[in-house]
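Engineer: Turn these sequences into a full structure, and let the hints steer you where they fit.
Protein chains in written order, with numbering that gives the first Met the number 0: chain A, 0 to 361; chain B, 0 to 228.
None of these hints come from the bench; they were simulated from the model.
A couple of the hints might just be wrong.
[What the hints assert, rightly or not] Some chain B residues well away from chain A (every beta-carbon gap over 12 Å; in silico): (1) 32; (2) 63; (3) 118; (4) 169; (5) 196; (6) 211; (7) 225.
[Said to hold, decoys possible] Have a look at the derived ranges for each label pair, beta carbon to beta carbon: (8) A/118 <-> B/19: 30 to 38 Å; (9) A/159 <-> B/53: 50 to 58 Å; (10) A/211 <-> B/227: 43 to 51 Å; (11) A/325 <-> B/208: 40 to 48 Å; (12) A/211 <-> B/190: 40 to 48 Å; (13) B/97 <-> A/344: 51 to 59 Å; (14) A/325 <-> B/73: 26 to 34 Å; (15) B/19 <-> A/128: 56 to 64 Å; (16) B/205 <-> A/93: 44 to 52 Å; (17) A/318 <-> B/71: 37 to 45 Å; (18) A/213 <-> B/154: 20 to 28 Å; (19) A/299 <-> B/207: 50 to 58 Å.
All residues carry an ideal CB built from backbone N, CA and C; glycine is no exception.
The primary structure of each chain is shown beneath.
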Amino acid sequence: MPLYLITTSEGIGVYRDGEKLLFLEAKSEHIPEIMEGKLPREFVDEIEKRFKGEEILVDDKRIVEWLSQYLLVKLASDDDLREIKRIRRKIKDEMEEWNRIRDVSIRMTRERIRRASADRDKLIIQAIEAVDDLDKSINLLVSRLREWYSLHFPELNDVKDHEEYVQLIKKYGERSKFPEKYLEIAKSSMGADMEPEDLEVMRSLASRIEELYRMREELVKYLEDLVPRVAPNLGILVGPLLAARLMSLAGGLEKLAKLPASTIQVLGAEKALFRHLRKGKNPPKHGVIYQYPKVRGSPRWQRGKIARALAAKLSIAARMDYFSGEVVADELKSDLEDRIAEIREKYKKPPKKGAASRSRRR
Amino acid sequence: MEITKHRFKGVYQIKEEDRPGVEIATVNLSPGTRVYGERIIRHSGREYRIWDPYRSKLSAAIHKGLSEMPISPGSRVLYLGAASGTTASHVSDIIGEDGKIFCVEMSSRTMRELITLCERRKNMIPILGDARKPWEYSSLVGYSDVIYQDVAQPDQAKIALENAKRLLKPGGFAIIAIKSRSIDVTKDPREIFKEEVRKIERGGFEVIEVKRLDPFEKDHAIILGRFEG
Numbered sequence: 000m001p002l003y004l005i006t007t008s009e010g011i012g013v014y015r016d017g018e019k020l021l022f023l024e025a026k027s028e029h030i031p032e033i034m035e036g037k038l039p040r041e042f043v044d045e046i047e048k049r050f051k052g053e054e055i056l057v058d059d060k061r062i063v064e065w066l067s068q069y070l071l072v073k074l075a076s077d078d079d080l081r082e083i084k085r086i087r088r089k090i091k092d093e094m095e096e097w098n099r100i101r102d103v104s105i106r107m108t109r110e111r112i113r114r115a116s117a118d119r120d121k122l123i124i125q126a127i128e129a130v131d132d133l134d135k136s137i138n139l140l141v142s143r144l145r146e147w148y149s150l151h152f153p154e155l156n157d158v159k160d161h162e163e164y165v166q167l168i169k170k171y172g173e174r175s176k177f178p179e180k181y182l183e184i185a186k187s188s189m190g191a192d193m194e195p196e197d198l199e200v201m202r203s204l205a206s207r208i209e210e211l212y213r214m215r216e217e218l219v220k221y222l223e224d225l226v227p228r229v230a231p232n233l234g235i236l237v238g239p240l241l242a243a244r245l246m247s248l249a250g251g252l253e254k255l256a257k258l259p260a261s262t263i264q265v266l267g268a269e270k271a272l273f274r275h276l277r278k279g280k281n282p283p284k285h286g287v288i289y290q291y292p293k294v295r296g297s298p299r300w301q302r303g304k305i306a307r308a309l310a311a312k313l314s315i316a317a318r319m320d321y322f323s324g325e326v327v328a329d330e331l332k333s334d335l336e337d338r339i340a341e342i343r344e345k346y347k348k349p350p351k352k353g354a355a356s357r358s359r360r361r
Numbered sequence: 000m001e002i003t004k005h006r007f008k009g010v011y012q013i014k015e016e017d018r019p020g021v022e023i024a025t026v027n028l029s030p031g032t033r034v035y036g037e038r039i040i041r042h043s044g045r046e047y048r049i050w051d052p053y054r055s056k057l058s059a060a061i062h063k064g065l066s067e068m069p070i071s072p073g074s075r076v077l078y079l080g081a082a083s084g085t086t087a088s089h090v091s092d093i094i095g096e097d098g099k100i101f102c103v104e105m106s107s108r109t110m111r112e113l114i115t116l117c118e119r120r121k122n123m124i125p126i127l128g129d130a131r132k133p134w135e136y137s138s139l140v141g142y143s144d145v146i147y148q149d150v151a152q153p154d155q156a157k158i159a160l161e162n163a164k165r166l167l168k169p170g171g172f173a174i175i176a177i178k179s180r181s182i183d184v185t186k187d188p189r190e191i192f193k194e195e196v197r198k199i200e201r202g203g204f205e206v207i208e209v210k211r212l213d214p215f216e217k218d219h220a221i222i223l224g225r226f227e228g
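Structural biologist: Spelled out as structure tokens, the structure:
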């Protein structure tokens, strides 16, 4: 039977076969630490003394990561969870002091609120700008790699997807080592033969570029986790990435919440907007919200109307996120869907020439 | 005015002369304070808070004739997605001084309001955390008799199952509010509810009832299930 390490706000216990082998009672000051996925130092020492080298199962990923530097800990499986739950319940029934854990939780929650509201949107802005930087760098390096590797195997440029192209080079290097489906063209390639060390340096570049792709994925995941906490409504309405871009362009959630919808509509199209204001050219219909699939994917003459409707909902979403925190995005989303359906129905055909191209000169 | 006990313990029915229909209410555990601007009725030494079915999905489900109500005086409830505490405050009323409710809410802005509610009501504990990561509050919650979930996330079934696995006692109940539009706006709600029921059954629940909430809430349902363990 395995050993279970059971964490509760009442204390930390080690059990085998339902039997208590060790129980270290938690004082009030220990509870926050336990809730954060750490064990008090003196507890770790005690457990280490008794159970070093034995496999111990825990149900908290954070504890597994942190504790494996001292002990042989593993993450509990679904079957183990049942047993852990049973023991926890017993501990709670016997020892829980409600008022004590309630006081500690309220204090901890206050502390977390203080930390959470401390400019978390600044983190989002940095992360999304890092994504854009990575995109630029990846593009630059991939075009370098394409030119370079084309000296050896120009026909591979038919692989249009950058990431796939990079992976092929990283994996195979020499064109004669390519898998079946490329061998035919590889044999009749116009490219020059290369020494292994020439190819090695290209493969090395390819593998660095691949790491940049992984980095980008990591950042996107981070944003997908962070945006719903800081701006749940924006996140649901347009997805975490576009929500982050809007915050970045506005300079923060607070500023975004205070912008009129008409400005949100053209955020990211400043050049076109000022061209309109200064020279009287046509105003931009959309800024970065062009990335929203239903703006981008609609016919040209509907886009502006859809962008305007979307910007109005975004402005409400940003205000809810900044001022109240209540999640109303589903209502906003379905209102928007209704409006988009209406626009599509009403403006099925492009407007007649002449009527639409009135340019507004001052 | 006529006040009678509802067949669910801790819930009352109120019929007022000048208003149509019967309303439901709970007895205010924190007399003299309102939570969301609800009407308060004082009658023979007690304070009743009217439980608005247009504001609270659980109230809507009761109005629509929910067959069983696992939340009763003394229950230990894990409430996922407590928001600013509209429904949670009525749950707090029902379970009373012997009951316990853990309120998990992810948004720190919403939590600001919820925490003042928790300070006034001795049976509530606030948890600022993500319902997708139940291990982060397992050591505090330990176990529960009932999980009430209203999170409006596309992966809500998974969230319910993860929490049940770790924190719902065998034979305990889950009440899950499903919003079809937060799963897929384009699909027929009936299809979505069916699919969610299947997911929950696969995770070890016996689904007792699926209650649609219209006309109080559009495209919403409450799923009531018993956890086999």
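Engineer: Take the hints in turn and mark each one as holding or not.
Structural biologist: Quick rundown of the hints versus the structure:
Residue placement check: residue 32 of chain B keeps its beta carbon more than 12 Å from all beta carbons of chain A (closest about 17 Å). No beta-carbon of chain A is positioned within 12 Å of the beta-carbon of residue 63 of chain B; the least distance is around 21 Å. The Cβ of residue 118 of chain B does not lie farther than 12 Å from every Cβ of chain A; its closest approach is about 6 Å, which violates its non-interface assignment. At the 12 Å boundary, the C-beta of residue 169 of chain B falls inside the reach of chain A, the nearest C-beta of that chain being 8 Å off.
With a minimum CB-CB distance of about 20 Å to chain A, residue 196 of chain B clears the 12 Å threshold, and the non-interface call stands. Against chain A, the non-interface label of residue 211 of chain B holds: every CB pair exceeds 12 Å, the least being about 17 Å. For residue 225 of chain B, the condition that its CB be more than 12 Å from all CB atoms of chain A holds, with the nearest at approximately 16 Å. The given range of 30 to 38 Å is broken by residue 118 of chain A and residue 19 of chain B, whose C-beta atoms sit roughly 50 Å from each other.
A C-beta distance of roughly 54 Å is found between residue 159 of chain A and residue 53 of chain B, which places it inside the suggested range of 50 to 58 Å. Residue 211 of chain A and residue 227 of chain B have their C-beta atoms about 48 Å apart, which keeps the hinted 43 to 51 Å range intact. At about 28 Å, the CB distance of residue 325 of chain A to residue 208 of chain B disagrees with the hint of 40 to 48 Å. In this structure the supplied range 40 to 48 Å holds for residue 211 of chain A paired with residue 190 of chain B, their Cβ-Cβ distance being about 41 Å.
Evaluation of the 51 to 59 Å hint for residue 97 of chain B and residue 344 of chain A yields a pass: the beta carbon distance comes to about 57 Å. For the pair residue 325 of chain A and residue 73 of chain B, the supplied restraint of 26 to 34 Å holds, since their beta-carbon distance comes to about 31 Å. One distance hint, 56 to 64 Å for the beta-carbon pair residue 19 of chain B and residue 128 of chain A, holds here, with the actual separation near 57 Å. Taking 44 to 52 Å as the suggested C-beta distance range, the pair residue 205 of chain B and residue 93 of chain A does not conform, at roughly 30 Å.
Hint check: residue 318 of chain A to residue 71 of chain B, Cβ distance near 39 Å, so the stated range 37 to 45 Å holds. Our hint of 20 to 28 Å for residue 213 of chain A and residue 154 of chain B holds, since their Cβ atoms are close to 24 Å apart. Taking the beta carbon of each, residue 299 of chain A and residue 207 of chain B are about 53 Å apart, inside 50 to 58 Å as hinted.
When held up to the earlier numbered hints, the structure conflicts with 3, 4, 8, 11, 16 and fits the remainder.
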